[in-house]
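Those protein sequence lines, which keep their order, are chains A, B and C. Residues in the first sequence are numbered from 1 upward in steps of one, following our numbering. Residues in the second sequence are numbered from 1 upward in steps of one, following our numbering. Residues in the third sequence are numbered from 1 upward in steps of one, following our numbering.
Simulated from the structure, these hints should not be mistaken for laboratory data. Misleading hints may appear alongside valid ones.
Away from chain B, derived, C-beta distances all over 10 Å, residues of chain C [to be verified]: (1) R28; (2) P44; (3) E45; (4) Q56; (5) I69; (6) R70; (7) K81; (8) A90; (9) D129; (10) M132; (11) G134; (12) L137; (13) D138.
Quick list of simulated restraints, FRET-style, between CB atoms [unchecked claim]: (14) V486(B) x S82(A): 42 to 48 Å; (15) S43(C) x L25(A): 23 to 29 Å; (16) P5(A) x A89(C): 34 to 40 Å; (17) D214(B) x P87(A): 55 to 61 Å; (18) F131(B) x N48(A): 38 to 44 Å; (19) E77(A) x E435(B): 54 to 60 Å; (20) R27(A) x T79(C): 51 to 57 Å; (21) L155(B) x I69(C): 50 to 56 Å.
Calculated from the model, a selection of chain A residues having no Cβ within reach of chain C, i.e. all distances over 10 Å [as the list claims (entries may be wrong)]: (22) P5; (23) G10; (24) A80.
None of these values were measured; they are calculated from a predicted model. Glycine residues also receive a C-beta, built at the ideal position from the N, C-alpha and C atoms.
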Amino acid sequence: MLRIPCPWCGPRDEPEFRWGGEVPLVRPGPPQAVTESAWAEYLFMRDNPKGLVRERWLHTLGCRQWFIVVRNTATHEIQATSALGDPLPEIRP
Amino acid sequence: MSANAWRLDSGGRIDRTQRLSFRFDGSAYQGFAGDTLASALLANGVRIAGRSFKLHRPRGLFGSWCEEPNTIVQIGRGADLVPNLKATQVELFDGLDARSVNCWPSARLDVFAPLQLLAGLMPAGFYYKTFMWPNWHWFEPLVRRAAGLGVAPTLPDPDRYEERYEHCDVLVIGGGPAGLAAALAATRAGARIVLVDDRPVLGGALQWEEHIIDGQPALHWVSAVESELRAAARTRVLQRTTAFGCYDHNLVALCERSERTSPTAVRERLWHVRAAQVVLATGAIERPVVFPNNDVPGVMLASAAMNYAVQYAVRPGQRAVFVTSCDSAYDAAEALRARGITVVAIVDVRGEPGDSATSAARAGIPVMAGYGPARVHGARVTRGIEVRPLEQGAKSWRSDHVQRLDCDVLCVSGGWTPSVHLFSQVGGRLRYAPERAALVPAADLSTIRCAGSASGSFAVQDCLSEGFAAGREAAHLTGAAAECGVTPAALAKHAGVAPFWASPRDRRRKAWVDLQNDVTRGDLELAVRENLHSIEHVKRYTTAGMAVDQGKTSNMNALALLAELTGRRIPDVGTTDPRNVSRPARWSVLSSAAPHAPRPLAHRARRRVGRLRGLEASRLVRCARRFPGGARQIREARRADCGKPFRWFAARQNRSTRPRRSRFSKPHVLQQHAHSRRGPSPLRHHAQRARDHY
Amino acid sequence: MLEHRAPLDQLSRARNTETLHDADAGLRVTPVTDRGLLLLQGSPEDAVLRDAIGRQIGARVPGPQTTDIRGEYALLWMTPKEWLLELPAAETSAVQGALVARLAPSLAAITDISDALACFDIGGDPAMDVLMTGCSLDLRPHAFAAGRVARTAIADVHAIIWKPGIAHLFRCWVDRSFAEHFWNWLADSPARW
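This is chain A alone, in the form it adopts within the complex (with noise of 0.2 Å):
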């Protein structure tokens, strides 16, 4: 289980968070202009990186606020987290 430093609420347990995906994650778009291949690509492709990536998390007991989370996918060490709003955190390798 891991430990998440939630940026307004402090270190709390994984179970009170939702994982939101990787960001950046940008929405293709105009809609009409948006071929089928780009939308999938959008809808379903991730790097899934082995290693550093950020990514949002919802604290959905807490203060239910997403936040960006800096995480090592292989050994689930955590090197930053920041507010939504703020510029997002550097991936110190």
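Put chains B and C on the given structure of chain A with help from the hints.
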């Protein structure tokens, strides 16, 4: 004249004023307060205390704590039935009613015993080949009935179980010399600590090994440390508590067993401890040696024999022979001799055993250096052992000269295996240290460090200094930097060991590698002949290192023999992955269901285990998304493989690994294992195949 | 006309008790019925909001995880844009009316949620131990100091936990539909600890 040929007249840490009656397999016996079920059985002369898993061979006590592979019992009846306990870990109480498992009507007289005669028909994995026609499921109930480890209770568990969250600066796991020293240092440094020990008394091996620490007997030092720890306001000491899982971000799951005081009292408690730093002082388990007939009752670990004699004042036998490749067995021999047990000889496989042998010889114990065990005599009880001189390097016999030594207890010691299950669970890497004949932690993790025997330092003076240093460093890292005082020091003891896994092969007789699962050396050879070379495959095919025991005494020998059979070095063979819940824990405590909590219990328990494992078990289902092409391919894949909409991710993975849905089809499992730093496993293997496909 | 029922009405009838007091362990659990709750929503930078709070109850808008206590009033941080004003039940509608008037120029909103949550005071020496059997937060005094407030899960239900002072006292709110469950869980605790 002693009232009992097996119980020593004096000594031991038992309360002789408090007699306890108990039953085993229907017969009534008596023991003392402070006994375990195992020591009480031994004191009553019960030699056959269990039957083996597959062949129903008679088995006796082999270890003295969690390493015990043979004596699995269930206690109580009806709703109070508790299956799957090791007799060595059951504290004796008045009215205890224990039964051996996997035999009927008793371990001594087992109607399935003739199965032994069919041993030739039942090599490793025989059920994969024999009962396939017309349908395995026709035979399955029968086979499962004949082989098994106890009966699950059918009535609801009436007891109370609870859970508890805890946070601390330093969590010390293990209450032996290293753990106590670590806890002492961290407490003095001012850290908030939790010390966890799974035995009823602190001290670990200091309870039966004789050492001088800081100029006083070891037990005096233990009680001084214990009172210092208990007096410290910021220190919590948890006894009878097993750390069974180490999870992400230093979450450690503990199971605390309470003494039963009232029917409403909590029976067991699940602790979720989140520690800033963890010190693993989990000790080491002694390793047997593989040689013909080494499963006969009366063959036991040297440390266990010493434990029974010193802590419980029980004679493990009247005439003892030691077979060893390390120095610690000499202490055991000396302890037994001092308690009036005849030590016939110490058979040391090393040609030049060194100082320990010299002092043993001076004390009058015959030492046979350069000899190895050829076979054990006896069927239901050990009657003697044949020894033969070994070549240099101990790979073959030097001569045909066989010498028989009569004995009724054979104490074996092939060195020590550090208990690194928790360390491996969190991704700690191991390396093979030939000079210690053991797999030891390669390097500490940033927040988890090993100390003492768990890190391969088996001598007591090293345990104390390593433990103390680990506790001090861990505390310092959490900001507690007060003066810790002087490192406790012990009189140095020898802890030399030479790698010796098995006697030269004797093709006419079975030599047992894994006692709990009835795996012989021949089974390993068969697996290799059938082209199973990966340790994970061999484990699953032969069942070596499976079940309750998880190979506590057998894994290292199986590994070394496999290396020998496949012509590889031990580090190249690798190890199996220790899984979490490394010691059996009950569904009830995992679910920690309060009486009003919603059932079903197993569901809650699984959910709880899932929560402990966190991301690994549940969340990453949404994380594993990697596909080769555009929407057209995805739609086609969905149509071709799945049929159901929205199951596209399962479908993709299936196509790349195997044609039909299987337990390997969950992409999050695949992906997770592919990316985790945990060692090789079949899942990882599949995941790699899946990735190679792309 | 609809009958008004306070969150704990049902509970006290079922249990026929007002206070759970375990003399041996020193645990005391009291359902709190005389406090009202106003949920304040707005931007922490909103000068109107800050001014309204300051003038009405004399409090400052508290930062994350903290509270500002002024006499009978306490303002608890909930989320970056929400605060809970805890006050005597009798004054709830009056204070709400006054705040609505003061907040008229801003986009801030104020809602009476007194009846949405059930409130319990959990006090006595073992209070922390009892709560830590069902709450993964670190409630030890040095980590959860006086004035700290947190939204989390206790006994598997969503809860707000607040430590008003240095004494061994925690005030917890749970959704009113979980009041019975929470009470049962607490009532069971003396045997647990």
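Consistency of the hints with the structure:
Its beta-carbon lying about 20 Å from the closest one in chain B, R28(C) satisfies the requirement of being farther than 10 Å from that chain. Listed as a non-interface residue, P44(C) keeps its Cβ farther than 10 Å from every Cβ of chain B; the least gap is roughly 30 Å. Annotated as non-interface, E45(C) keeps its C-beta farther than 10 Å from every C-beta of chain B; the closest such distance is 34 Å. Here Q56(C) stays apart from chain B, with its beta-carbon at least about 38 Å from theirs, past the 10 Å limit.
Separation of I69(C) from chain B is adequate, the least Cβ-Cβ distance of about 26 Å exceeding the 10 Å criterion. Separation of R70(C) from chain B is adequate, the least Cβ-Cβ distance of about 32 Å exceeding the 10 Å criterion. Residue-level check passed: K81(C) sits 27 Å from the nearest beta carbon of chain B, beyond 10 Å. With a cut of 10 Å on Cβ distances, A90(C) stays outside the contact zone with chain B, its closest approach being about 35 Å.
Not every CB of chain B is more than 10 Å from the CB of D129(C) (nearest about 8 Å), against its label as outside the interface. With a minimum CB-CB distance of about 5 Å to chain B, M132(C) fails to clear the 10 Å threshold, and the non-interface call is violated. Taking the minimum C-beta to C-beta distance to chain B, about 8 Å, the non-interface status of G134(C) is violated against the 10 Å cut. A beta-carbon of chain B is positioned within 10 Å of the beta-carbon of L137(C); the least distance is around 8 Å.
Once the 10 Å rule is applied to beta carbons, D138(C) is inconsistent with being away from chain B; the minimum gap is 4 Å. Distance hint check: the CB atoms of V486(B) and S82(A) are about 46 Å apart, consistent with the given range 42 to 48 Å. Between S43(C) and L25(A), the C-beta spacing of about 27 Å keeps the proposed range 23 to 29 Å intact. Between P5(A) and A89(C) the beta carbons are some 37 Å apart, a value that agrees with the proposed interval 34 to 40 Å.
Take D214(B) and P87(A): their Cβ atoms lie about 57 Å apart, and the range 55 to 61 Å holds. As the Cβ distance of F131(B) to N48(A) is approximately 43 Å, the hint placing it in 38 to 44 Å holds. For the pair E77(A) and E435(B), the supplied restraint of 54 to 60 Å is violated, since their beta-carbon distance comes to about 33 Å. Distance hint check: the CB atoms of R27(A) and T79(C) are about 26 Å apart, inconsistent with the given range 51 to 57 Å.
The beta-carbon spacing between L155(B) and I69(C), approximately 53 Å, falls within the hinted interval of 50 to 56 Å. Separation of P5(A) from chain C is adequate, the least Cβ-Cβ distance of about 12 Å exceeding the 10 Å criterion. The Cβ of G10(A) does not lie farther than 10 Å from every Cβ of chain C; its closest approach is about 7 Å, which violates its non-interface assignment. The beta carbon of A80(A) is kept farther than 10 Å from every beta carbon of chain C, the shortest such distance being approximately 18 Å.
The structure is inconsistent with the numbered hints 9, 10, 11, 12, 13, 19, 20 and 23, although it conforms to all the rest.
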